[in-house]
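Q: Spelled out, the chains give:
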Amino acid sequence: MLRELPADDLLVVVDMEASPEHLARSTAEAVNLMLVVAEPWFRSLETARRSITLAVDLGIPKVAVVANKLRDADDHEVVEAFCARHGMEVFATLPYDDTLGDAERARAAPVDHDADAPLVGAIDRLVDRVLGLARW
Amino acid sequence: MKVAIAGKGGSGKTTVAGTMARLAAGRGVDVLAVDADLNPNLALVLGMQPDALDAVAPLPHDLLQHRQLDGETVLQLSRPAEELVLKYGVDCPGKVRLLVMGRPQAGVG
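One line per chain: the protein sequences are A and B, in this order.
Be aware that the first sequence starts at 1, since it is given in the working numbering, and climbs by one per residue.
Be aware that the second sequence starts at 1, since it is given in the working numbering, and climbs by one per residue.
The hints are simulated quantities; they were obtained by calculation from the structure and are not laboratory data.
Glycine is no exception: its CB is placed at the ideal position from the N, C-alpha and C atoms.
One thing to keep in mind: the hints can contain errors.
[What the hints assert, rightly or not] No more than 30 Å apart at the CA atoms, straight line, and that leaves these computed lysine-lysine pairs for DSS-like: (1) B:Lys8 x B:Lys95; (2) B:Lys8 x A:Lys62; (3) A:Lys62 x B:Lys95.
[Said to hold, decoys possible] Anything over 10 Å on all C-beta distances counts as not near chain A; from chain B, calculated: (4) Ala6; (5) Asp54; (6) Ala55; (7) His61; (8) Asp62; (9) Val90.
[Said to hold, decoys possible] If you want the ones that stay clear, here's a sample from chain B, every Cβ over 10 Å from chain A, calculated: (10) Gly12; (11) Ala57; (12) Pro58; (13) Lys87; (14) Asp91.
Assemble the whole structure, with the sequences as input and the hints as a guide.
A: And the structure:
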């Protein structure tokens, strides 16, 4: 499915199953970039590490971590240290954001609830990087 | 450019995917969001109103065919992908188009 879609002037964003275990090689080959979202603690990072190993084996050209829900410098350090030790690229770091719960309660998209929320700003910078990789 | 967002349940995967899609579309980029999660709720993060969610139908199963390819089962489309995006894609706020893949039939990983 993904392979068939034209991607020259289109950004396709796929919200995947939790892990790439069930990803067929043919699907993986259609993806340019896989971002694995992880939280700043060992078990989450370890899960991300396994997903990344699988994704690389499946032939996805670029696979990297998006560290989410970071609260302080310690969290950043945990992520940086783990990823450096295992040769994982940190593509973006996203802050823990209280306003996300408010958006959820209001049943609103985070961008509609508060376009200036810290998380939205950080994801906007992530979009910068993704679009910077794309060859339009 | 095709970007897959993976991560454990609760990691914020869907929030990242949906917000990325909205922000990129806000810059004038054509964006197709694909919900391939077994528990699809990308539509809400994209800003679709809860009462409009019923309009978001997953891709019918009979359009997906299971084929053996190099010893692994792959899902193949019986119709061209672009046609399916036109027919089954749903317009979300902020000019994002959404396609929900739906749950594969039992027994198929």
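Q: Please go over all the hints and tell whether each is borne out by the structure.
A: Okay, the hints, checked on the actual structure:
1. With a C-alpha separation of about 28 Å, the suggested pairing of lysine 8 of chain B with lysine 95 of chain B holds against the 30 Å cut-off.
2. Under the criterion of a C-alpha separation no larger than 30 Å, the hint pairing lysine 8 of chain B with lysine 62 of chain A is consistent with the structure, at around 19 Å.
3. For the hint linking lysine 62 of chain A to lysine 95 of chain B, the alpha-carbon distance of about 27 Å falls within 30 Å, and the restraint holds.
4. With a cut of 10 Å on Cβ distances, alanine 6 of chain B falls inside the contact zone with chain A, its closest approach being about 5 Å.
5. Remark: the non-interface label on aspartate 54 of chain B is consistent with the geometry, its nearest Cβ contact in chain A lying 15 Å away (cut-off 10 Å).
6. With a least CB separation of 16 Å from chain A, alanine 55 of chain B remains clear of the 10 Å interface cut-off, as annotated.
7. Distance check on histidine 61 of chain B: its Cβ is at least 13 Å (rounded) from any Cβ of chain A, clearing the 10 Å threshold; non-interface status holds.
8. Interface exclusion of aspartate 62 of chain B from chain A stands, the closest Cβ pair being 14 Å apart, more than 10 Å.
9. Every beta carbon of chain A lies more than 10 Å from that of valine 90 of chain B, the smallest distance being close to 14 Å; the non-interface claim holds.
10. A beta-carbon of chain A comes within 10 Å of the beta-carbon of glycine 12 of chain B; the shortest separation is about 4 Å.
11. Its beta-carbon lying about 16 Å from the closest one in chain A, alanine 57 of chain B satisfies the requirement of being farther than 10 Å from that chain.
12. Taking the minimum C-beta to C-beta distance to chain A, about 13 Å, the non-interface status of proline 58 of chain B holds against the 10 Å cut.
13. Lysine 87 of chain B, annotated as away from the interface, keeps every beta carbon of chain A farther than 10 Å; the closest lies near 14 Å.
14. Annotated as non-interface, aspartate 91 of chain B keeps its C-beta farther than 10 Å from every C-beta of chain A; the closest such distance is 14 Å.
Of the numbered hints stated above, those contradicted by the structure are hints 4, 10, listed in ascending order.
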